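Read top to bottom, the protein sequences are chains A and B. Under the numbering used here, the first residue of the first sequence carries the number 1, and numbering increases by one thereafter. Under the numbering used here, the first residue of the second sequence carries the number 1, and numbering increases by one thereafter.
If you're looking for bench data, these hints aren't it; they were derived computationally from the structure. Only a predicted model underlies this, so the values are computations on that prediction, with no experimental measurement involved. A portion of the hints provided could be inaccurate.
Since the list gives no way to pick out one identical chain from another, each pair is judged satisfied if it fits inside one copy or across any two copies.
Simulated pairs of lysine-lysine, BS3-like, Cα-Cα distance not exceeding 25 Å [claimed, not checked]:
#1 LYS208 <-> LYS112
#2 LYS208 <-> LYS295
#3 LYS5 <-> LYS71
#4 LYS176 <-> LYS71
Number of protein chains: 2
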Amino acid sequence: MSNGKRVLILGGDGFCGWPTSLHLSQQGYEVTIVDNMVRRKTDIELGCQSLTPIATIDERLRVWKELTGKKIGFINLNVAEDYHELLTVIKEIQPHEIVHFAEQRAAPYSMKSPRHKRYTVDNNINGTHNILCAIVESGLDIHLVHLGTMGVYGYGTAGMVIPEGYLPVKVDAGGKEVDLEIMYPANPGSIYHMTKTLDALLFYYYNKNDELRITDLHQGIVWGMATPETMMHPALVNRFDYESDYGTVLNRFLIQAAVGHPLTIYGNGGQTRAFIHIRDTVRCIQIAIENPAPKGQRVKIFNQATETHRVSKLAEIVSQITGAELRYYSNPRNEALDNELVIHNEQFLQLGLNPTTLSEGLLEDVVEIAANYKDRINMGIIPPVSRWREDIRLDPAGSDVPVTDNRIH
Amino acid sequence: MSNGKRVLILGGDGFCGWPTSLHLSQQGYEVTIVDNMVRRKTDIELGCQSLTPIATIDERLRVWKELTGKKIGFINLNVAEDYHELLTVIKEIQPHEIVHFAEQRAAPYSMKSPRHKRYTVDNNINGTHNILCAIVESGLDIHLVHLGTMGVYGYGTAGMVIPEGYLPVKVDAGGKEVDLEIMYPANPGSIYHMTKTLDALLFYYYNKNDELRITDLHQGIVWGMATPETMMHPALVNRFDYESDYGTVLNRFLIQAAVGHPLTIYGNGGQTRAFIHIRDTVRCIQIAIENPAPKGQRVKIFNQATETHRVSKLAEIVSQITGAELRYYSNPRNEALDNELVIHNEQFLQLGLNPTTLSEGLLEDVVEIAANYKDRINMGIIPPVSRWREDIRLDPAGSDVPVTDNRIH
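With the hints as extra help, turn the sequences into a complete structure.
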């Protein structure tokens, strides 16, 4: 049964967008996907493919309709380029909600070369700006939900707990100390992360000037690939990336373990990151849609992450379950050797999210799925290939001991 | 005599870029202008022209060479689009300094329509990013000087004095109060200003990851139009904008006074703004070039403004000098009726800037220049035409009394 709410999902063919589209359709939303298929084309560029075979978008939607009786619409357009088509779609569909996944979303890909840096900035900023501009031009009261990243914060400072978007500070105002609440100072770690910090300013401005209702979700690293809906039929299966550019760290470890490759730890594995299972991603989007910011209030910001872990600890856990070896690579990223990360994430929990954590047997499930598709894997594209600076060393062979220096001297 | 320092001036044909190019050439720098002539083409779009007749770029450079013996190079390319041409220019010229004026620089123009909003974001962000990306790709140690705006700060909060880019704050870190210095929280007042806040994050990131040496100049509203160099010959005269999109507020008042149009005050004129004379702009650029940030240090930020004034006060001063009437228009901008603005600007003063202030007879000079070109003026394009939201009232006829409300109800 439709709940009468129309949702436009930009980037609805991708890794987070596809399971979200199915979940919201299943929950009764009238879903239309807008996607230009760029992620599938990037596979061609990178000479890789999703570990899981993914059906064409037409086949995906046909099977979904057949199984559930629910229709998901599909429009092929480029949000960053086809402004007038996007505006027309918005005016015709008159969505209550737009969910915006339509960005280049991999940090290593954004650092591969000047062309990749420039593509990421051009695509992500013009894409986000086109959406905001089109909502204003449409004159419709649409709530925008954007998939951002925990990476906008950098990785914490001096024992601070990372707040959900806004930071209370004290400043001097003519000799008097004044309390302010500011947007958390941006400290992006890659060109990709930087584009999300630019997005945040676009949201700030359009919220202030045009009173757009916007929710920005600062998401952790997604792991897992299956949701109840994607498991309903082989044609609905989600993509699953294992190469070093688009594969996310925990998923890469699980796949590496499944195919007998040592786990690829960068540096000494001292990086602490925030994580969320893909099942929780789709639930969080639903919660965000159902709790939109009221008109006239500031941008609503949630930290969409359920736990934090040090990468070396994750590798140990995966190794204990699977027996996989550890291998250390010179860190291709320009970042501190170790970092702490403590985050606030109470908002989603208070709104009913029941987190799927690492300890619930799902790790083994992922390894099992990965093992099923073992013959599709290209072992050559597992080690890191994209680096943050020209003077950073890449060592595709790796080392048995932690690497504590990554610059060429 | 050349000092052997090569400077690339991006946007060197524009209102600030042209006098800067001449000034630096006169000071012995080897100047090359890069410009795509877009500002001249915008005149065609807006159906207006510079109040002063401006020579073609070829003529400008020919006369400069003739008068001074100094050669200024010129390359016609679009910084936001022609990445590889830009990179080639940088590699061939190997400049010590790049001065970046190559952005759409008018707030009202950026708000005219969705097309203008999108152009401003696309042009300014891709332009700035291309420059940063090309400097990294060139491998050269180039100091970048960027023309930003005081408008990135918004207009002050709770009695604070606006610092030069960085704000000391106290934050809570696990129960302990910690001192940090952060980038001043951005609060842009238009799409144009927003692009400059995005630029600031691009600079932050490239400075952090690639150790680029960058100076960001947060400039106030420029007034005046002549410098010693532009006054040397009619072919060197600077452009002088009087219509409501590109004309800056004090210059508009002075021209309006010269041609017998009432002064166009928006709202009640309660806005306080920062100002700088064009003569000081060119000196500040030279000071910035001669005092670059050392490698490995954060982005250097200067407030490039010499005084602040309330708009109503400026109108009174101009009225007293010239006898011009005052006329109040519904404010096309979405902003507070009144604001305070107190700024720090000690860095340029300490480095030797001797400010040209309003009280030195230069106001009369500008009125006189404007009066000389009276017959070139189109009175129809003086009142405001670009508004910040669709529900903001425009009243081209204006009113004799201050307007304190600008929304359509």
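Taking the hints in turn, this is what the structure says about them:
1. In this assembly of identical chains, the alpha carbons of LYS208 and LYS112 lie at most 25 Å apart only when taken from different copies (18 Å versus 35 Å within one copy).
2. Taking identical chains as interchangeable, the C-alpha atoms of LYS208 and LYS295 lie at most 25 Å apart only when both belong to the same chain, with a minimum of 11 Å there against 37 Å between chains.
3. Taking identical chains as interchangeable, the C-alpha atoms of LYS5 and LYS71 lie at most 25 Å apart only when both belong to the same chain, with a minimum of 14 Å there against 65 Å between chains.
4. In this assembly of identical chains, LYS176 and LYS71 lie within 25 Å of each other by CA distance neither inside one copy nor across copies; the values are 60 Å within and 54 Å between.
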